[in-house]
Amino acid sequence: MKIGTFLCNCGGSIRNIDWDNLKAFIEEKTAENDNFCVYHESLCSEEGKNYLKEVVGREQPDAIVFGGCTPKTAGYLFEQELKGLNISPYQVTGANLREHVGWVSSDKDSATKKAKAVLLGAHNRAGYQAPVEVQKINISQSAVIIGAGPAGLQAAQDLAEKGHEVHIIDRQPYIGGNAVKLGAFFPSEDCAACQTSTGVRGVHQSSVRRCFYRSGFDLHPKINLYIRSEVENVTGRLGGYNVTIKSQPTYVKMDRCVNCDLCSQACPVEKPDEMNLGLSTRKAIYLPNITCSPTKYVVNRDECPEGCTECVKVCPVNAIDLNERETTTTVTAGGIILATGFQEFDPAIVEEYHYGVPGYENVITQSELARLLALTGPYHGKLQKKNGDPVKRLVIINCVGSRSQNYNIWCSNICCMIGIKHAITIKEKNPEIDVYCCYIDIRAVGANYEEFYNKARDLGIKFIRGRPAEVETDGTNLYVQVEDSQADTMLTLKTDMVALSMSMVPSSGVQKIAELLNVNVDVTGYFKGLYSKFRTSETNQAGIFVAGTAIAPADIPTTITKAAHAASHLDLLLTKGSVEKRFPIAEIDNDRCTLCEICVGACPFGAIDVVPVENPGVKMQVNPLSCLGCGQCVSSCPAACIDIDYYREDQILSQVEGLLYDNGETPDPIIITLACWECAYASTDFIGQGCLTDPEFKYPDNVRILPVQCTGNVSARLIQKTFEKGADGIIVLGCFEDKCHYDSGSKASTIRVHLMKQMLEYSGINPDRLEKETVYTESSNRFVETARKMAKRLEELGKLER
Amino acid sequence: MTLTTELKEEFKDLYDKVKLCYQCGTCAGGCPVFKQYSSFNPRRVMEKLLAGDISAEIFDEQQIWYCTGCYTCSTRCPQGIDICHVINDMKNIAVKIKNAPPGIITEMTAILETGITAAKSTSALRKRDKLELPEIPPPDMTEIQKLMEVTGVIAKLNALKEDAK
Chain A
1 MKIGTFLCNC GGSIRNIDWD NLKAFIEEKT AENDNFCVYH ESLCSEEGKN YLKEVVGREQ
61 PDAIVFGGCT PKTAGYLFEQ ELKGLNISPY QVTGANLREH VGWVSSDKDS ATKKAKAVLL
121 GAHNRAGYQA PVEVQKINIS QSAVIIGAGP AGLQAAQDLA EKGHEVHIID RQPYIGGNAV
181 KLGAFFPSED CAACQTSTGV RGVHQSSVRR CFYRSGFDLH PKINLYIRSE VENVTGRLGG
241 YNVTIKSQPT YVKMDRCVNC DLCSQACPVE KPDEMNLGLS TRKAIYLPNI TCSPTKYVVN
301 RDECPEGCTE CVKVCPVNAI DLNERETTTT VTAGGIILAT GFQEFDPAIV EEYHYGVPGY
361 ENVITQSELA RLLALTGPYH GKLQKKNGDP VKRLVIINCV GSRSQNYNIW CSNICCMIGI
421 KHAITIKEKN PEIDVYCCYI DIRAVGANYE EFYNKARDLG IKFIRGRPAE VETDGTNLYV
481 QVEDSQADTM LTLKTDMVAL SMSMVPSSGV QKIAELLNVN VDVTGYFKGL YSKFRTSETN
541 QAGIFVAGTA IAPADIPTTI TKAAHAASHL DLLLTKGSVE KRFPIAEIDN DRCTLCEICV
601 GACPFGAIDV VPVENPGVKM QVNPLSCLGC GQCVSSCPAA CIDIDYYRED QILSQVEGLL
661 YDNGETPDPI IITLACWECA YASTDFIGQG CLTDPEFKYP DNVRILPVQC TGNVSARLIQ
721 KTFEKGADGI IVLGCFEDKC HYDSGSKAST IRVHLMKQML EYSGINPDRL EKETVYTESS
781 NRFVETARKM AKRLEELGKL ER
Chain B
1 MTLTTELKEE FKDLYDKVKL CYQCGTCAGG CPVFKQYSSF NPRRVMEKLL AGDISAEIFD
61 EQQIWYCTGC YTCSTRCPQG IDICHVINDM KNIAVKIKNA PPGIITEMTA ILETGITAAK
121 STSALRKRDK LELPEIPPPD MTEIQKLMEV TGVIAKLNAL KEDAK
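Protein chains in written order, with the working numbering: chain A, 1 to 802; chain B, 1 to 165.
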């Protein structure tokens, strides 16, 4: 393999290094294979670029070593300039002679010495680098959306308008999710069941806002709606997910039903109405809600008396078929959006408020209050007790189940405002009703929310700062025990009704979908976004997005925004039509694999599939699109049969060998830093830069850094072999554990280093020779401190005896 | 008053136990004592601990000794703070810094001699009858005295008596 070495002095700014000496050294060391070495004052100048192209074109090296500035910047230069020169950017290995050597080292002598080692390390590594293939994978032009609440609907519409085929699935026989039940909505004070119209219904083709049932959503030519349906199974990967959808029949033909209600009147069955949370009754054949879409009747078949066909007999349009069967459909999708929403936390769990206990029928939840206040509700918007008496006083209790170490630690975000909305609705209709609101803190954080809160106080709603301890009853009235903590007094509020602002928890079924799709779930039970700052709508699985309250509690404006965000990201993927996978990915040597499947669990992105084969039954296979090349599988594999090109163990060790080069000149112990290519490596660059102006950043010259993809890639074996090669100390430098760019790599590495320290102790090696540190650029001084401490310790411990 | 290093450490422990408190008042709202005597407010006690108020005043009789140890607040605290336990710890510190109310000598003596702090009230006995609860057995004095001895309560009581003189 012919390797060309390009040295660059960065316009003369790396003064500390004796370049002639360095060039002579590398030429001597790597004299074989027609290797060559050239020096240029400034390779990124126009003149330098031409020189680079000219030399590469003439010499045709198989690999390039670049000694100069950090590969973080030089890498881009080479990628751009080497286009069309028959050498891929992966054939370029950087030797960071500026940020890691020239700018950090204290004098010319030690800088040159260190530069030799760093350059030799890079040269060794380059010798192992084979070309990396670019893979192209086609993406199917359709999307599956799970959940047809406000988030799902928004995402579906956005994608459909972009021209993608959309399959949207919901368990309920109608679209709209929880929003359908909410009635009025804050802060716009209009219907919750209102959104942008698709403009496909009727002659008014405009996209003004409309109720779900008038929006024409179910008529959109690109949208396929699956109501009363659930995801049965998912196979395949990004590009082509095969989603099997199981649909229960509604027993009423959508295209025939005219909503005449004759069937419902004829039906002999009476059941509590779920839409009104059991506060009223419905028949076995019923219209779920007059504002719902599709506005068609449905049958709960298991409630039908045996052999009863009363509804069929009276139907004037022959729309009912009680013999319909469940259907199973399989669709292919380029991507999936999870919009599974939320549900209310079970109020009975918070025992002191006695929800559901006999005698406490007028302790209700905000959802139930919303139904009571809704015109389509059981009492047509009239606020009354269960026995029909009017309500003269209402107490709202906030944070029930939220912000609690006992139940759910999170703030549910919207309950303050929902309570205020209900209080305002009541006060505006019936100013004589006394409304109290007991709160811990009022969180009015959205646009116009504080104004809304002010309005509530204007209307005379009484706010008490205190979380009630108990709700009691004397048989007719309810009594709320609360300390008014601003007045230091105990209050017993006699009231007719209590409304609990329940915590929002993930929908039931999230766990099942998470398992089917191999998507990560947070400790809270919600789906976990890929990162907390950006890419919030992506999951650990490429091509699977999450929208709305499936990530965290949110109000409707935020839900809609999140959904549009997820849809736009999925659209980017679908519009491209294909993705190119460029970065090296994990490769499994199936001959040596013992089928232990540890790697499958170690991969945070679910990129390793267990694929059936004839012999020996199964094999592990890496999905190239899901794999990000972090190497967590590599370090977890007990058979050492996984490797990542560019970060192969022999390749890294060859660089270690170079970095340890001292030619007897350095009696000092040498510390090898295995730095994660993300925040950690960037931090070391940052330190180099910082040294120019602030000597506080300087760390000892015997600390030498080489990149790994992620500290999750650093196996116990690699640590052991690095010691064997001659390292006297090792620092594993990763990103902060909760900010790992590969989800769990840094955390896994911390555990591994901890265990490895114990192993070292057993083998008689001082465990202080191994350290794990975490950094990001703003805290990069942590590395400087650790490096200094380690160097000081090794001064006492001396070189590692072998 | 100034506190010794050891007591400062104990205070630090108390602070760590209550630092999640967001002063919602659930403890006070449900406190049977606060209902009767507004001068004992468990939320206020937590507030003082949170503010790092380490004067001896915090151990005043009204502040903590009215707590009956019913654990209602501990059960209900949304932040999972064992308020009752924290107040108990404070009572122990109060004894250490000789700031305990004289009444506890009488109370401890009563337990040592009779095994109970208060005589059975007739109304309570009537209620038990109504609920068909069994009769309360007489306390096992040998066991109680043994327990008080091995846990060091008797030594503490003697010290308190000595101080009171």
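Careful, some of the hints might be misleading.
Sample of chain A residues facing chain B (criterion: CB under 7 Å; computed from the structure) [claimed, not checked]:
(1) Glu352
(2) Ser404
(3) Gln405
(4) Lys462
(5) Gly466
(6) Pro468
(7) Ala469
(8) Glu470
(9) Val482
(10) Glu483
(11) Met490
Listing some non-contacts, in silico: residues in chain B with all C-beta distances to chain A over 12 Å [what the hints assert, rightly or not]:
(12) Leu20
(13) Gln23
(14) Lys35
(15) Ile81
(16) Lys127
(17) Arg128
(18) Lys146
No lab work stands behind these hints, which were simulated from the structure alone. In this text, a Cβ means the ideal position worked out from N, Cα and C, and glycines have one as well.
Going down the list of hints, with the structure as the test:
1. Glu352: holds (6 Å)
2. Ser404: This hint holds: serine 404(A) lies near chain B, its Cβ roughly 4 Å from the closest one there, short of 7 Å.
3. Gln405: Holds: closest Cβ of chain B sits about 3 Å from glutamine 405(A), inside 7 Å.
4. Lys462: violated (16 Å)
5. Gly466: holds (4 Å)
6. Pro468: Hint on proline 468(A): holds, closest Cβ of chain B at ~6 Å, below 7 Å.
7. Ala469: This interface hint holds because 3 Å falls under the 7 Å limit.
8. Glu470: holds (5 Å)
9. Val482: Where the cut-off is 7 Å and the nearest Cβ of chain B is about 5 Å from valine 482(A), the hint holds.
10. Glu483: holds (4 Å)
11. Met490: Result: holds, 6 Å to nearest chain B Cβ.
12. Leu20: Incorrect as stated: the minimum Cβ-Cβ distance to chain A is 7 Å, not above 12 Å.
13. Gln23: violated (6 Å)
14. Lys35: The claim is violated: lysine 35(B) sits with its nearest Cβ about 6 Å from chain A, within 12 Å.
15. Ile81: violated (8 Å)
16. Lys127: For lysine 127(B), whose nearest Cβ neighbour in chain A is about 18 Å away, the distance exceeds 12 Å, so it holds.
17. Arg128: holds (22 Å)
18. Lys146: holds (37 Å)
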